[in-house]
Amino acid sequence: MLKNRWFLILTVLVLGLAVVVSGCGSKQQAATGEKVIKVGLSAPLTGDVQSYGEYTKNGFLLALEEAGYKAGDYKIEHVIVDDKNDPTEGTNVATKLISVDKVKAIIGPVTTKPAIPTSEIANNNKVIMISNTATNEKVTVADGKRKDFVFRACFIDPMQGTIGAKFALETLNAKRAAVLYDQSNDYTIGLANHFKDSFVKGGGEIVAFEAYSKDDKDFSAVLTNIAAKKPDLLYLPDYHQKVSIIGQQARQKNIDAIFMGGDGWDSPDLDFATMAGGYFTNHFSADDPRPEVKAFVEKYRAKYNTAPEFTAALAYDATKLLLNAIAKANSDDTTKIRDILKDTKDFPAISGKISFDQNGNPTKSVTILKVRADKKYDFVTLVNP
Amino acid sequence: MERFLDQVINGLQLGFMYALIALGYTMVYGIIKLINFAHGDVFMVGAFVGYFGFAQWGLPLPAAVLTAMAVCAVLGITIERIAYRPLRYAPSISVLISALGVSLFLEYFCSLRFVFGPNYRVVQRPFEEIHWTLGGVTFNNIQVMVAVVVIVMLLMLQYLIYHTKIGTAMRTVSFDHDAARLMGVNVDSVISATFAIGSALAAAGGVLYAIAYPQIQPFMGIMPGLKAFTAAVLGGIGIIPGAVLGALIMGQVETMTAAYLSTQLRDAIAFAILIIVLMVRPTGILGKKDPEKV
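Residue numbers (the working numbering), protein chains in the order written: chain A, 1 to 385; chain B, 386 to 679.
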């Protein structure tokens, strides 16, 4: 009985306190009359590509901090959610950002899989979305229709595949390539197809073009077949953890071809010992000699004590693009912000000068990197489209 | 021809991997007629504990395997005590749902940051890989180790079940709970022992799997668990040699499909064969005559 009464008193107290506190909060906001725009970040903070999420968050926060959490007359508040690199989870958190947190813009998602459903939701709700690194074409265009509110800071899959093939043919002198890709992932399908098309067009031969599924861990059957065809190059357009395991098994099967891939390789979780000597196309290199890159790398290092990789650089670029557009529009009307974004010309971003084409995709150069066994990359060259 | 033999070896490796998991599945089913869907997740826990053992606590590999087996044996007994024993006389569908619940619980609980964390971990192998070439066919020490472990496990299980007192008690319980109890068999402790052994087998399998495919994460048990379950059903669930036979067939079918037909159809064809076999022989290849409802 006594216990019950105490419980009741405690409940009343807590509830009362909650009312008082929340009341104070709203009063304060009204008093200062500050204008606020909320910006969401959707990134894979857990799951198979969590290192991207971590870097993206860092790049995003660095850009906000530099701007003093302000754009024009608006104070910028941020909400960070975890899409787990999963389309369903991405849909859930995007819905939460838009309907619960009422954000006006979303930076991210980082990868194509959650970015495609998120772009649909954002566009339907007239919320700006700028993905930092989702490279699939379908992120900004669906069935030939442009999703007006969706942009990105990276180049797209056709360019990565095409430039990868060009580099393989012209610089590496590869003639025979084998391609392995994940049949359940639009990103790897896109890269694989564009690589194949350009490689064949450039006079090369594709000796094997094989799919696997997301949960496969054993590639020995396919790799035994590929080994017999003696390719010069093995194109592996998947994420770091998958290409590491394929790479290991390929070497076990005595395939001595050069490994090549896309931006999915860039991660501290890559198996550097196995993949050493491999090349991949990327958005950004911390070793790029341009002064703006050097300055960014220094700032990033000062704050996080580590070098940035591409998702960090592009998250920084995406956030800057957004803040710039909000400041210019000086309004929380997303249609106005979108119109300014659309007309972006030669925006001085870390990853190159960004201008948007009619589909919200930037045109800019592609960086080629080479993997070293000591967990670093060598900057090889920049290839212009 | 050499390439074909290489593919046979590839298939054997995959098959023995499935067999490692299928043995525990089929043993538990054989004794208490319960499909323990959490088996694949116990396998995952075993892989993690083994990985911590040899990669982080610096244990020698056999000690790491034994630690993993001990931890999983305790885990198996706990799961049985909490999730299955209260439902012993409930309809079998309730137990099945409880098993699914345990499976999901283990996956998501282990994903928490203070448990194993949700991320992939790269496993540093505790020993170097050595290749041998024999008559043009290449194989390695990991494949040999997996095959040896499966065969030893199979023989030990057969011995345990047919030539020891606890094995006799297990078979008694599997025939008839109540009659066994009337004959003075302690049914609860026999079932606990069954779970302990099954889970320890899963743990050993998990550690070997982590060495063969050196990447682990909390959801790694789902697909191999499903495949191993399929293999056990294919061979005749509840029959221990059947699990190994079914697993080897699954391994060959998957590998041959990927090698000579299409990598995209690999799982589809493997499961199609399962359906066809079950249509012709509902109790599996080595199954007993009287069909059992699952």
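Some hints here could point you the wrong way.
[Unchecked claim] To spell it out: a stretch of chain B is covered by chain A in this simulated footprint if at least three of its residues, at any positions, have a beta carbon under 8 Å from a beta carbon of chain A; those stretches are: (1) 387–399; (2) 504–512; (3) 596–608; (4) 648–660.
Treat the hints as calculated values from the structure; they're not laboratory data.
For each residue, glycine too, the CB sits at the ideal point set by N, CA and C.
Verification of the supplied hints:
{"no.": "1", "hint": "387–399", "result": "holds (count 7)"}
{"no.": "2", "hint": "504–512", "result": "holds (count 3)"}
{"no.": "3", "hint": "596–608", "result": "holds (count 6)"}
{"no.": "4", "hint": "648–660", "result": "holds (count 4)"}
In the structure shown, no violation is registered for any of the earlier numbered hints.
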